[in-house]
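Enquirer: Numbering follows my numbering, in which position 30 of the sequence shown is assigned residue number 31; successive positions increment by one, without gaps.
If you're looking for bench data, these hints aren't it; they were derived computationally from the structure.
Some hints here could point you the wrong way.
What the hints assert, rightly or not - List time: in silico EDC-like cross-link candidates among lysine to aspartate or glutamate, alpha-carbon distance up to 16 Å:
1) K40 to D23
2) K73 to D8
3) K79 to E143
4) K106 to E122
5) K89 to E120
6) K136 to E122
7) K89 to E53
8) K142 to E78
9) K106 to E32
10) K40 to D125
11) K89 to E122
12) K81 to E143
13) K106 to D23
14) K73 to D125
For clarity, every value in this text was computed on a predicted model and none was experimentally measured.
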Amino acid sequence: MNIKDIDILTIIPQRHPFVMIDRLQYHNDTETSSSFFIKKDNIFCENELLREGGILENIAQTCAARIGYINKYEKHEKIKIGLIGSVKDFVVNRMPAANSTIFTKIRVMSEVFAITLIEAEVTDNDGVIAHCEMKISLTDKEVL
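Please work from the sequences and hints to get the whole structure.
Expert: Listed below in structure tokens is the structure:
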């Protein structure tokens, strides 16, 4: 199966209208990338721009999709819920516009037990939108 063909709702716990990722673009042991088309009626849009909370949620959901993909397709387990533990050095260069697509790439810096530290970069066709480090804690709770 092509990773781009996976229904994102089968590997993340979020549901509409809170879904901030459309599809996985790439995944290996250390990197995962996603894409997301920003609709004008997105709950994180203000004045037709995706705000900081939407950018952070997109990064977190790219992490969730990574974990969901690993659990479902590599480990053949149920999808588990993760939580944002911390965000460090969050820099936003500009807000992406509605009716555009953003691309998010995360790279695993370290993984110890249920804690994963990643660095993330969000881009579009005009360059880098934002970047940060994020710590994600995986819980034992499974998605229903």
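Enquirer: CA of K106 to CA of E32, is that 16 Å or under?
Expert: Holds. K106 to E32 sits at ~7 Å (cutoff 16 Å).
Enquirer: Holds or violated: are the alpha carbons of K79 and E143 at most 16 Å from each other?
Expert: holds, 6 Å
Enquirer: Taking only the CA atoms, is the gap from K89 to E53 under or equal to 16 Å?
Expert: Holds, at about 14 Å.
Enquirer: For the pair supplied as a hint, K89 and E120, confirm whether the alpha-carbon distance does not exceed 16 Å.
Expert: holds, 9 Å
Enquirer: Is K136 close enough to E122, meaning Cα to Cα at most 16 Å?
Expert: The given pair, whose Cα atoms are some 14 Å apart, holds under the 16 Å limit.
Enquirer: Does K40 pair with D23 here, judged by a C-alpha cut-off of 16 Å?
Expert: The hint holds at about 11 Å.
Enquirer: Are K73 and D8 close enough, with their CA atoms no more than 16 Å apart?
Expert: With a Cα-Cα distance of about 12 Å, the restraint between K73 and D8 holds, given a limit of 16 Å.
Enquirer: Is K106 within 16 Å of E122, Cα to Cα?
Expert: holds, 5 Å
Enquirer: Could you grab the alpha-carbon distance between K73 and D125 and see if it respects the 16 Å cut-off?
Expert: violated, 29 Å
Enquirer: Keeping to a limit of 16 Å between CA atoms, is the pair of K40 and D125 held or broken?
Expert: holds, 15 Å
Enquirer: K106 and D23 were given as a pair; does the straight-line alpha-carbon distance stay at or below 16 Å?
Expert: Judged against 16 Å, a Cα distance of about 14 Å means the pair holds.
Enquirer: Next pair to validate is K81 with E143; report whether the Cα-Cα distance is within 16 Å.
Expert: OK: K81 and E143 at ~4 Å, within 16 Å.
Comparing the model with each earlier hint shows a violation of hint 14 alone; every other hint is respected.
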